[in-house]
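Student: Spelled out, the chains give:
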Amino acid sequence: MKRNDDFVLKNVGGQDILVPLAAKVREMNCLISLNATGRCVWQLLAEDQSMEDLAAAVAERFDVDKERARADVLIFLDDIGRIGLLEP
Amino acid sequence: MTETLTEYGALVRQMLRLAAREGQPAHGAFELTGRCNLSCRMCYIRHAAGDLKKSAEELSASAWLDLARQAADNGMVFLLLTGGEVFLRPDFFEIYEPLTRMGLVLSLFTNGTLMTEEIADRLAQAPPSTIEITLYGATAATYETVSGIPGSFAACCAGIEALVARGVPLGLKTTITRHNVLDLEAMRQMARNWGVPFSAGWLLSRRPDGASSHVEDCRLSAAECVDLEANDRASAHERTEMSLRESAADKDNNFQCHAGKAAFVISPEGAMNVCLVLSQPAARPLENGFAEAWKQVRRYVDSAPPAVSECRTCDLLAYCGRCPAWSMMESGTLTEPVPYLCEIARARKERYGNPA
Numbered sequence: 001m002k003r004n005d006d007f008v009l010k011n012v013g014g015q016d017i018l019v020p021l022a023a024k025v026r027e028m029n030c031l032i033s034l035n036a037t038g039r040c041v042w043q044l045l046a047e048d049q050s051m052e053d054l055a056a057a058v059a060e061r062f063d064v065d066k067e068r069a070r071a072d073v074l075i076f077l078d079d080i081g082r083i084g085l086l087e088p
Numbered sequence: 089m090t091e092t093l094t095e096y097g098a099l100v101r102q103m104l105r106l107a108a109r110e111g112q113p114a115h116g117a118f119e120l121t122g123r124c125n126l127s128c129r130m131c132y133i134r135h136a137a138g139d140l141k142k143s144a145e146e147l148s149a150s151a152w153l154d155l156a157r158q159a160a161d162n163g164m165v166f167l168l169l170t171g172g173e174v175f176l177r178p179d180f181f182e183i184y185e186p187l188t189r190m191g192l193v194l195s196l197f198t199n200g201t202l203m204t205e206e207i208a209d210r211l212a213q214a215p216p217s218t219i220e221i222t223l224y225g226a227t228a229a230t231y232e233t234v235s236g237i238p239g240s241f242a243a244c245c246a247g248i249e250a251l252v253a254r255g256v257p258l259g260l261k262t263t264i265t266r267h268n269v270l271d272l273e274a275m276r277q278m279a280r281n282w283g284v285p286f287s288a289g290w291l292l293s294r295r296p297d298g299a300s301s302h303v304e305d306c307r308l309s310a311a312e313c314v315d316l317e318a319n320d321r322a323s324a325h326e327r328t329e330m331s332l333r334e335s336a337a338d339k340d341n342n343f344q345c346h347a348g349k350a351a352f353v354i355s356p357e358g359a360m361n362v363c364l365v366l367s368q369p370a371a372r373p374l375e376n377g378f379a380e381a382w383k384q385v386r387r388y389v390d391s392a393p394p395a396v397s398e399c400r401t402c403d404l405l406a407y408c409g410r411c412p413a414w415s416m417m418e419s420g421t422l423t424e425p426v427p428y429l430c431e432i433a434r435a436r437k438e439r440y441g442n443p444a
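As you go down the protein sequences, you meet chains A and B in turn.
Heads up, the first sequence is in this note's numbering, so the first residue is 1 and it goes up one at a time.
Heads up, the second sequence is in this note's numbering, so the first residue is 89 and it goes up one at a time.
If we strip away everything but chain B, and leave its shape as in the complex, we get (with noise of 0.2 Å):
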């Protein structure tokens, strides 16, 4: 009559696949900054830790906690807190302590470095289902290589400490560079050593707001990204996400995932979007409710036009990891090819054959 749900990952995906059947916003995300501490080259989002005017275009607490009352009374049981960097907002526990009240499960995403032992205390009090910290390296020469910040490797090491001494649900994750990538078996061991879960991904997106970014210097070539996906038991969540795609394929739909259909997010100054690399349809949910913020983002979603031909009817679609989102980042429509997706597609299809 019970059943008691430990490991939410495949039961919360089934849940959500029902959920998007029946159009529930069942998971959201709030980006509650896009300003960040870290100076990641390849980052989609970041804006400088102290940039004013994007200080003062962000969302206030109590503005967050409206969406989140609107949001939970519309069906979201799932929320994620990310950035930017959320602990730089000192109001973050203002945020925070309310929605742990609220029947959500919250999970947090964190660079780590801005964590200190009363911020870990408070977390420890009321934890959210779990953080999730990015690593960008095993030593301070390669980790800072990748955030730019003279003395962050310290800093996170000793915020991830103490979470770990306080028993706080914590996952490592890394986002793997050219510059990094030769840690990745350093970076495990940590996790190992830590006792935490730790995952890897090595996508790296353009900027959705068209700024300028160095993605293009910090992406591993195809073959690179295809023999750590072969050889690389961190890489099975890449590998899943490809799985899924081909069990769910149906070429005319583009939106592929649960974005529009179970998930949405909303952005530092409160533009509800399909997802936090597809800045669109920039609903208004606190002008316009939440209900009405939703059926737009739904709209949007299953009026977007398929995929071009060229992708439809591509021999390496089952191969291929483009997904509407992508298009609109590297070539400004919803609906083309993305050359560098198009090369990991063709190398898997070199290494593993025709698909069956």
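Chain A with its partners taken away, still in its complex shape (with noise of 0.2 Å):
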């Protein structure tokens, strides 16, 4: 999986958000914040990722053990997925 190039990472006074790009703005008129975990994860989408490299990253990233990172991950991509910032 990978992402949507139509939102770009930005931070505000250490806030992480998601801005919508151009014609995107018709259909989401709105910023989406990040956690550091989602920060993480929506970097690595760059590139197309499957579920376990995604969990294994943020397991070593965070030093947590590898099914909690799964479990984030899994929240992280349902969120996302829901709202269209996932490539179909």
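No wet-lab data here; the hints were simulated from the structure.
One or more of the hints may lead you astray.
[Said to hold, decoys possible] Mimicking DSSO-like on lysine-lysine, the simulated pairs with C-alpha atoms at most 27 Å apart in a straight line are:
{"no.": "1", "chain 1": "A", "residue 1": "Lys10", "chain 2": "A", "residue 2": "Lys24"}
{"no.": "2", "chain 1": "B", "residue 1": "Lys383", "chain 2": "A", "residue 2": "Lys10"}
{"no.": "3", "chain 1": "A", "residue 1": "Lys2", "chain 2": "A", "residue 2": "Lys66"}
{"no.": "4", "chain 1": "A", "residue 1": "Lys24", "chain 2": "B", "residue 2": "Lys261"}
{"no.": "5", "chain 1": "A", "residue 1": "Lys2", "chain 2": "A", "residue 2": "Lys24"}
Values in this document were obtained by computation on a predicted structure and should not be read as measured data.
With the hints as a guide, dock the two chains, each given alone in a separate frame, to form the complex.
Tutor: Structure representation (structure tokens):
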């Protein structure tokens, strides 16, 4: 899976947000705030990634066990998938 | 893990507070032109639409885009495009369309009177997060008494309708003067009929460039301002500004807002300033680089002297909306009291008693 490039990661005062680009504003006139795990996964999704790759990267980056990382990644992917932030 | 921020208001304000602590220039305003096709007597900026000298001094589209790229590289996320009237620039879309691909949260101020079907179509293809149109009255008679231009009311309404029909995010606001105050409720009803938000403001400032305006003839009295605040829901914004000021009160810090801390303005000629109504320090981002100009703006705000002791120890302080920009426009210094705002603060105290 891979992220939808109609959004750009920005930071305001330490808060990471995704900003919709151009025509996307018409569909989604909003900002999406990300926590640290979300930011990490979003950046990895610039390239095509498997669920296992993402879970392994999050486990290493945040020093948590693989099961916990997998659960967090699943929640994030579900969140962003529902609002169209992943490539179909 | 994600949160969708559909309400820009409170959460964005919180982000800007954090940005101000870090000195991130998160919010920019580009005044694309100081020229306007309307002729509002109370306006703080206006130059004639056909002013060739002013037009020649305005930055080119490529210069605006250069500034936007530099600003974004330095942390700008929110960008307001304003004027004057931005649609007087025939190259508006040469500036606007590349900006929509830069990951900025764009907003746009216009009087709406130059909106055409073609412009509305192009805006609808890649809309800003919001467009704000100022309505000057609920009838042609009132509107054109304020705007000074026959036919401008109908043109404004047609512009609003073109945007509403295309679902472009839109809000209406009004600047209340003695000449349109009786239309306030009718203007709010127009906004309801179009299904768009509405807000009102009535604190009319003088021109920061010192040129003459007729602002004294247009301003409401202090008592009228306080009556509006007390009785009119459209004044919620004004009251919120005051309560923010109370909660952030630091009597030695003259600048209480985000100006020069998280926000900046670039004038039509390319000078970087603290805010739309304080044309200082006139740093030069194109000549010296954005980062250096932003440093100058921050230094200007950080080193500003505190308000005079008369203001800092005033028992009306919690009710007062004075800021260094108002002081500069009314007294020529950053620090002196503003008699009109003193009167309003006094009227508030009479109405509400001593602050808690």
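Student: CA of Lys2 of chain A to CA of Lys66 of chain A, is that 27 Å or under?
Tutor: holds (21 Å)
Student: Please verify whether Lys383 of chain B and Lys10 of chain A have alpha carbons no more than 27 Å apart.
Tutor: holds (21 Å)
Student: Below or equal to 27 Å on CA atoms is what counts here, so check Lys24 of chain A against Lys261 of chain B.
Tutor: Cα-Cα ~26 Å, so holds.
Student: Check whether the Cα positions of Lys2 of chain A and Lys24 of chain A lie no farther apart than 27 Å.
Tutor: Holds, because 17 Å separates the two Cα atoms, which is no more than 27 Å.
Student: When you check the alpha-carbon spacing of Lys10 of chain A and Lys24 of chain A, does it fall within 27 Å?
Tutor: holds (16 Å)
Of the numbered hints given earlier, the model fails none.
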